[in-house]
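J.: Sequence order for the protein chains is A and B.
Under the working numbering, the first residue of the first sequence is numbered 1297, with each subsequent residue one higher.
Under the working numbering, the first residue of the second sequence is numbered 3, with each subsequent residue one higher.
FYI, nobody ran anything at the bench for these hints, they're computed from the structure.
What you are looking at is a predicted structure, and each value in this text was computed from that prediction instead of being measured.
There could be a bad hint or two in this list.
Under 10 Å between C-beta atoms, here's a sample of chain A residues computed to sit facing chain B [claimed, not checked]:
#1 Gly1327
#2 Thr1339
#3 Leu1414
#4 Val1564
Computed list of chain B residues with no C-beta within reach of chain A, every gap over 12 Å [as the list claims (entries may be wrong)]:
#5 Asn130
#6 Glu149
#7 Glu186
#8 Asp429
#9 Gly436
Just so you have them, the derived chain B footprint on chain A, three or more residues with Cβ under 8 Å [claimed, not checked]:
#10 1344–1352
#11 1374–1386
#12 1497–1509
#13 1571–1580
Using N, Cα and C, we set each Cβ at its ideal position, and we do this for glycine too.
So the chains spell out like this:
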Amino acid sequence: MIPYLIRVAVKSVVTLFAIATITFIATRLSGNPIDTFLGDGLTEEGRAELIRYFQLDGSLWQQYLAFMRGAVSGEFGLSFVDRRPVTEVVSDRLWASGQLLLASVAFTLLVAIPLGILGAIYRKSWIGSAVMMVAFAGYAVPSFILAIVMVLVFSYWLNWLPVVGNGSFAHFIMPTIAMSGVLIAALTRFTRNAMLDVLGQDFIRTARAKGLGEARVVLRHGLGNAGVTVISVIGLQVAGLAAAGSVVVESIFSWPGIGQLLVNAALVRDYPVLQFGVITVAVAVVAINALTDVSYALADPRIRLARS
Amino acid sequence: MFRLMLTTALAVLPLAATAQEITVGAANMAPYLDPGRDHSNVGSQFYYNSFDTLIDRDHTKLEPEWVPALATSWELISPTVMELKLRDGVKFHNGDPMTADDVIFSLNRMMQATFPPYVVRAKDRLANFPEAEKVDENTIRIHANREEPLWETLISLQQVMIIPEAYTKALTGDPDVAEDSDFEAFALAPVGTGPYKIESFQPGEKLVWTRFDDFWGEKAPLERVNVVQISETASRVTALKTGEADIITNIAPDQLSLIDNDPALKTAGSATALFHVMIMNQNHPKLKDPRIRQAMSLAIDRDALNEALWLGKAIVPSTHTMAEMGELHQPDLVTFEYDPERAKELLAEAGYDGFEITYDTAPSYYTNGVLAAQAIMEMWAAVGINGKIVVGDKWTGNSPDLMARNWSNPMYFADPFGSFGVMWAPDGPSQSEGRFNTDEAYAETWDRFRYSTDVAVRKAAYAELMERVKEDPAVLPLYRPFESWGMKTAINWAPMPGHIPYVLDFRAGSITLAGS
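The shape of chain B in the complex, shown without the other chains (with noise of 0.2 Å):
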């Protein structure tokens, strides 16, 4: 028994010194802190901390759950205005009380954008709604051009996160006009209404947060969030073996063991809500002919590249498809598959005459990519393909010599929408980039499926795109990435199912330690 409470003790040790402070060793501090314009996987690790949205959800559960947050109730009042109650009470960090007009301001600062960075984000995601109007004191109106089956979904992005209006006016130039340099001074010195206040903030460098005591909910469980950029993967766990960080971020599968062989530390990940993707250029005169592509496609055995990459603890998915999309989730479809004689034979039938397919990546941004490029370059090669790596830091997603290369289609919101839909919508990305071609059956099935409020259409219409995505490919979806984090055993944290990639959740009930 003695012994059981002096390692018990000597466990708990270290951190009672600090039980309430943490230091996180980060791959990557973002170099702003703006929800609205930002949707990278660096910033979308802090933002959840800081801010709120109207209305959340129930991040430990996978299925979407709403939950009331800065608005405590919402229902429609036509099919294409949404009423929404405002909480009372609610504090920014500043100390200013936050009133409808600082909601107003936070959505149309998105929905009517004019700020090109809030533009080019609101244009994907938020294109339905031209406004948000003010009721009275406690309560606004959202309004839709169309019926929006997504309605609780889109409010809770990140982007519509709530800031202050007159703090961020008076950030720069004129204090009653919102001007582009003040959303750019807002990004240095960022306010919100979260339970963690943003106290310092350097770029690309630090931030700290502190516990704000006046926030809404239950109060952090943390005093005080150190995050620190540690880029080198090698010094991060050091970091986090000397004791210098509690959490690390970002551990590639084969450095797992490094932190799991040590009783002080721990490992915890879950596969990413993002998938590394190969994309093929439709209009390469060379690749025009599908069957060419769909052998491209075929060859690929990404079952192997998950088992010899990443531990089989990836997700291959069958569609372009995840189960944190809820009702929308079609794991039955099967679009995509490993077939190497089929392969061959469209290639036989297309009279591929054995000419050189590039396949693009760059050296480092995609854990992983060269070495999935290269097992792909043997696959292809093993049905006859003759592929070739180009490795360069260049994009070249948008040029016209493109053949194939990796890129990643995240989840940015949990609905198909949110991944497939941002990427591969009618006049999206890939379709202005020139490597991907819609026509008006596409549009208007995109459409169906865009806006039905009735999920079994939405749901059939999906699969009607896959389908053109099979018949005519330009994307294979390779797998979703095992993403891992390493900490001391003594916290208690892990990512969230209920949220997109790499949310450092540190609100109540998201972490606790030992101890404290």
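This is chain A alone, in the form it adopts within the complex (with noise of 0.2 Å):
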């Protein structure tokens, strides 16, 4: 178990290097701060007063190893347009966002699975039929449609939810359901499909011809051995929505989390906020891959064995 946790480890670092150096390039790319957030009518030499200010007058090169060199040591810079610590304009940001993760992915986990179990058992039924049109639904309707539609019906129309900020349990209804929608199609599937796999399979028979009850069988053996690709889909799936379906669903309900925050410094190019806004997002994103990793290996002894 020990070398497949260090692979883990390592693998991780190696990742969060790459995405730091794309995230310095990619940001470079995009075009100069100083053009966009100090707005028009700016002269050549105040344009060059503020870039040296803003120290962004070395070359490429020399600001890509100085903010190696910071984020080694924990020091990710000032925002350009705030001018204070990127580390605490991001933070500021994080529990929100994390509220909302966890809020999506409980609702999620309550409303997938019981429902992938109820297609794989009634599967010939039109309950079954039912539950793969609801899956199939949640994929084909991207995350930003459900969020305005629903805006449109329970806030335009009905009135009765609110659409700003996070301010009360009533603020989760919508962002919850418009961010888990494509994750609960994807993991009624997938639990359905590992369902259908194992209660085919040789041992189910038996603890059946034992004379268990149904529930049991199912719950116990069924879900238990379909855990394995259960818990891979949930990993990866997440990791998704941590890393993208934030930013739409942020931004739809004025939520004031990490992908806001991203869209905002993206617009006026704030480099360090957007640097260290990725980067973070990057660690969660990696993290959950490695806990998804780990809990395989702890979930199915053949992994774990086989590969250390």
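Please assemble the complex out of the two chains, which come individually in their own frames, going by the hints.
T.: What follows is the structure in structure tokens.
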């Protein structure tokens, strides 16, 4: 198990290094912060003065080295715009995004796993078909469409739910559903398929033959074994959600999280905030992936043993 | 009668519970708040409620009418020195009394700027003022290098709003020295003398104002104002509907009917004191012949753009001028016209061979920017110009490859110097970016326009500058876009004609709530 953990750790560090480098280059390619956030009407002389002030005058290579040196020692610089340490700017937003992500994952598990099991057990009846319909619909509807339609129906027309910020429980409902849509679709399908595979196996027949109750057969022997597949899917999908889903959903619901911060920072080319924000999200994604790998190994002795 | 009373009661009801508190849903929240270094459309929304200048103007009037603010009186004691008497009993939001030292500190932080963001802002508008000096506890003097025709205008700029000296210096490092980091810290914890105190500020996210009870003038009509960034237009409009916001900013023209159709809501708007412009590169090898640029300009039917994109609510100017500029407003000048036949002739004379002319635009920075660009391509095609739109976020105004693109020329203050002047001065941004040329004659005319104390001379000189622009065009003002705010019908607020664009003025007399 230990060598396996080491391998996961090394893989994670290399991935983060690559992401930091790509982020650095990508932000530099996209334009100059001086031209975007200081407004119109700057003379070349004034521009040069500000470029010096914000330390953008070194070569790209020098800036990259400075950035990497800082990153290693935990110094990620000041935001070009509000001149606070980016670590502070980003951490202010972390909890709001984390709450939304946790709410979405919890909601997804509560909905998708029962649905997937139902879909597997009743695969030949209308219930199974209905489950699959829901799953396909969830795949087909992007989160921003789902969000806008919910806003239109539940806020604009019915005036039941608030659309701005994260002030109360009611504020969580629409963003959570919008974030979970695709995830529920994916997980329902995977749970159903994994359950179908497992329920057709000999040991299930044996369990039934032993006279175990159907609930116990399905939940303990069925779900227990289907769990391996399900875990890997959750890990991958949640990582994707943390990275991409939140950007759109947070913007629509003015959710004070990292997604919204990154959109604003990208608009004004606030390199330090963008870099650190992306790296923070990357750390979350890599951590989730590493956790998935580990729990996958814990859940399935074959993997653990084969890899070590 | 009973029905009337009932409907009135119902109309007032939603606000009654929070009579003195409103929430504004803003498309953009400022990332920092320092009136000195800021001249963005985002920041301009917020300063007037929390900061004062020495001299203010009556913002209900289009024509400048100066009124005392932190200075109670002012006079020129020589052609280049203005003496101002300071108001007694003014307090800053942190409780410090305002002194002559605070005023000198605020003025000289700009006039003798060392903090780079101040330097660049001071250079384009305050260059004629070398320093401010304290005479006694109630009197200060401001010195000018040359006779100044725009004293009041420039002393009432957002950039010279008054901030507390001791508080600012003590923010970081040595409490007796004004370091760059002090000004950076100030921008996150701003303190002024205005009727609303900045209670809390989360950059790019939220701002809370509370009434400042020690304000020197008439007290603020609202107890508390929350400004929340709601970047999505659809979410902003919905927030107004659900009651999460009482006022929302930046409504696109095509969304106005959504709000106006709801009896509980209304809109207010005005043509912003800002031009969306097309700029052309005088120095691009293929555009050196001014006739080609004249044709690019004459081919554009700006009235058609206004009708199609702004429902006819924008203002299409005949020259680079605005009614806000008072005596310097010259609507009779005709610098820019639509004349497609003339455009065709000029292209033929110049021997235009159908080469491609690129027109750069940002994807969303200017409302309707891309749509206008598409329409302009059609208009160009109608006279035989082979145009191509290049959409990108990168600013290309300083690129030698630039041919044409969109830009804006805001009115930073109510004078042609505050609009055309900032952008098209000799050695100003346009020239220093290499797409606009001036010569000695231009500079000489410019000087008369900028510094003559005779209004007639200034007007004549400005007309000469416009003639130069017509002969060798580098800019075409397209229109003044129409900007709208949405609000509950119970709120009585509208943008005031005497302000620079986008100011959310919630001072006494500027906003009232039915039922409060």
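J.: So is B:Asn130 really clear of chain A, every C-beta pair being over 12 Å apart?
T.: 17 Å, holds
J.: Over 12 Å from every CB of chain A: does B:Glu149 meet that, or does the non-interface label fail?
T.: 25 Å, holds
J.: Would you check whether A:Gly1327 satisfies its interface hint, that is, whether its CB is within less than 10 Å of any CB in chain B?
T.: This interface hint holds because 4 Å falls under the 10 Å limit.
J.: The output says B:Asp429 does not contact chain A. Does that hold with a beta carbon cutoff of 12 Å?
T.: 7 Å, violated
J.: Just to make sure I understand the rule, a stretch counts as covered if three or more of its residues have a C-beta closer than 8 Å to a C-beta of the chain. Does the stretch 1344–1352 of chain A meet that for chain B?
T.: With 4 residues in contact (Cβ-Cβ under 8 Å with chain B), the coverage given for the stretch 1344–1352 of chain A holds.
J.: Given a cut of 10 Å on the nearest C-beta pair, is the interface hint for A:Leu1414 held or broken against chain B?
T.: 35 Å, violated
J.: Are there at least three residues in the stretch 1497–1509 of chain A whose beta carbon sits under 8 Å from a beta carbon of chain B?
T.: With 0 residues in contact (Cβ-Cβ under 8 Å with chain B), the coverage given for the stretch 1497–1509 of chain A is violated.
J.: Is it the case that B:Glu186 keeps its Cβ farther than 12 Å from each residue Cβ in chain A?
T.: With a cut-off of 12 Å, B:Glu186 comes too close to chain A, as the shortest Cβ separation is near 4 Å.
J.: Per the coverage rule (Cβ-Cβ under 8 Å, at least three residues), is the stretch 1571–1580 of chain A covered by chain B?
T.: Since three or more residues must qualify, the claim that chain B covers the stretch 1571–1580 of chain A is violated, with 0 doing so at under 8 Å.
J.: Go check the stretch 1374–1386 of chain A versus chain B for me, would you? Three or more residues, Cβ under 8 Å, otherwise it fails.
T.: Since three or more residues must qualify, the claim that chain B covers the stretch 1374–1386 of chain A holds, with 6 doing so at under 8 Å.
J.: Let me know if the C-beta of A:Thr1339 comes in closer than 10 Å to any C-beta of chain B, holds or violated.
T.: The hint holds - A:Thr1339 has a Cβ within 10 Å of chain B, the shortest such distance being about 4 Å.
J.: Does B:Gly436 sit more than 12 Å from chain A, CB to CB?
T.: 8 Å, violated
Hint compliance for this structure: hints 3, 7, 8, 9, 12, 13 are not met, and every other hint is.
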